[in-house]
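Asks: Residue numbers for the sequence shown follow our numbering, so the first one is -2 and each next one is one higher.
Think of the hints as simulated: they come from the structure by calculation, not from any bench. A virtual CB, placed ideally from N, CA and C, is assigned to each residue, including glycine. Please note: incorrect hints may appear among the correct ones.
[Stated by the list, open to error] Here are the simulated distance ranges between beta carbons:
#1 His41 <-> His4: 43 to 53 angstroms
#2 Lys6 <-> Arg51: 38 to 48 angstroms
#3 Ala96 <-> Leu26: 53 to 63 angstroms
#4 Thr159 <-> Gly36: 55 to 65 angstroms
#5 Gly36 <-> Glu0: 38 to 48 angstroms
#6 Arg37 <-> Lys6: 41 to 51 angstroms
#7 Leu26 <-> Thr165: 29 to 39 angstroms
#8 Lys10 <-> Lys45: 50 to 60 angstroms
#9 Leu53 <-> Ala87: 49 to 59 angstroms
#10 Gln63 <-> Lys6: 12 to 22 angstroms
#11 Arg115 <-> Glu137: 13 to 23 angstroms
#12 Asn85 <-> Leu26: 24 to 34 angstroms
#13 Lys45 <-> Gln149: 37 to 47 angstroms
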Amino acid sequence: MRELKYHEKKLLKKVDFFNWKSDARHRELSVLRRYHIQGREDYHSYNKLAGSIRALAHRVSLLPAQDPFRVRVEGQVLSKLYDMGLLNQAAKMSDVENALTVAAFCRRRLAVVCCRLRMAENVKTAAKYIEQGHIRVGPETITDPAYMVTRQNEDFITWVSTSKVKRTIMKYNDELDDFDLL
-2 MRELKYHEKK
8 LLKKVDFFNW
18 KSDARHRELS
28 VLRRYHIQGR
38 EDYHSYNKLA
48 GSIRALAHRV
58 SLLPAQDPFR
68 VRVEGQVLSK
78 LYDMGLLNQA
88 AKMSDVENAL
98 TVAAFCRRRL
108 AVVCCRLRMA
118 ENVKTAAKYI
128 EQGHIRVGPE
138 TITDPAYMVT
148 RQNEDFITWV
158 STSKVKRTIM
168 KYNDELDDFD
178 LL
């Protein structure tokens, strides 16, 4: 190998080839691909949220166990995360520190929930239906696939009444009523 020039030596001083810091890029790309996240900034915002919630849980866990403030805050945090659908009912604060990930936030996106409810074959198709305005949550038509669905709203996800996809499904199932479509 040739001897390095001055500017090459200066640049390589900052790089340590023996202790290479691994990046989380491969994890980010797999989550982006799996949950069909179109914007990288969504992933970063979920990552920041998960990190801040984990930090809060860690700070609360450092308080004494019999502290009434700790008991109250633990209950509030766990109930809020359960209502959002990020944790299950029997979760503890240690689960918040260990199990709360970006994927937990991504699983609550409208496109993923629609796929889980068998409204679409895959997440990409569900995102396409949402962007085209075929799906509503309650009375509102949602056109953002990144819409976070809580446990309460999960029961109210349906097709828009004027949707061609709904009409095709009803026609296939012999449930099509011409009066409803007027």
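Asks: Each of the hints needs a verdict: does it hold here or not?
Replies: Right, here's what the structure says about each hint:
no.: 1; hint: His41 <-> His4: 43 to 53 angstroms; result: 33 angstroms, violated
no.: 2; hint: Lys6 <-> Arg51: 38 to 48 angstroms; result: 41 angstroms, holds
no.: 3; hint: Ala96 <-> Leu26: 53 to 63 angstroms; result: 22 angstroms, violated
no.: 4; hint: Thr159 <-> Gly36: 55 to 65 angstroms; result: 28 angstroms, violated
no.: 5; hint: Gly36 <-> Glu0: 38 to 48 angstroms; result: 46 angstroms, holds
no.: 6; hint: Arg37 <-> Lys6: 41 to 51 angstroms; result: 34 angstroms, violated
no.: 7; hint: Leu26 <-> Thr165: 29 to 39 angstroms; result: 34 angstroms, holds
no.: 8; hint: Lys10 <-> Lys45: 50 to 60 angstroms; result: 32 angstroms, violated
no.: 9; hint: Leu53 <-> Ala87: 49 to 59 angstroms; result: 20 angstroms, violated
no.: 10; hint: Gln63 <-> Lys6: 12 to 22 angstroms; result: 59 angstroms, violated
no.: 11; hint: Arg115 <-> Glu137: 13 to 23 angstroms; result: 22 angstroms, holds
no.: 12; hint: Asn85 <-> Leu26: 24 to 34 angstroms; result: 28 angstroms, holds
no.: 13; hint: Lys45 <-> Gln149: 37 to 47 angstroms; result: 25 angstroms, violated
When the structure is compared with the earlier hints, violations turn up for hints 1, 3, 4, 6, 8, 9, 10 and 13 and for no others.
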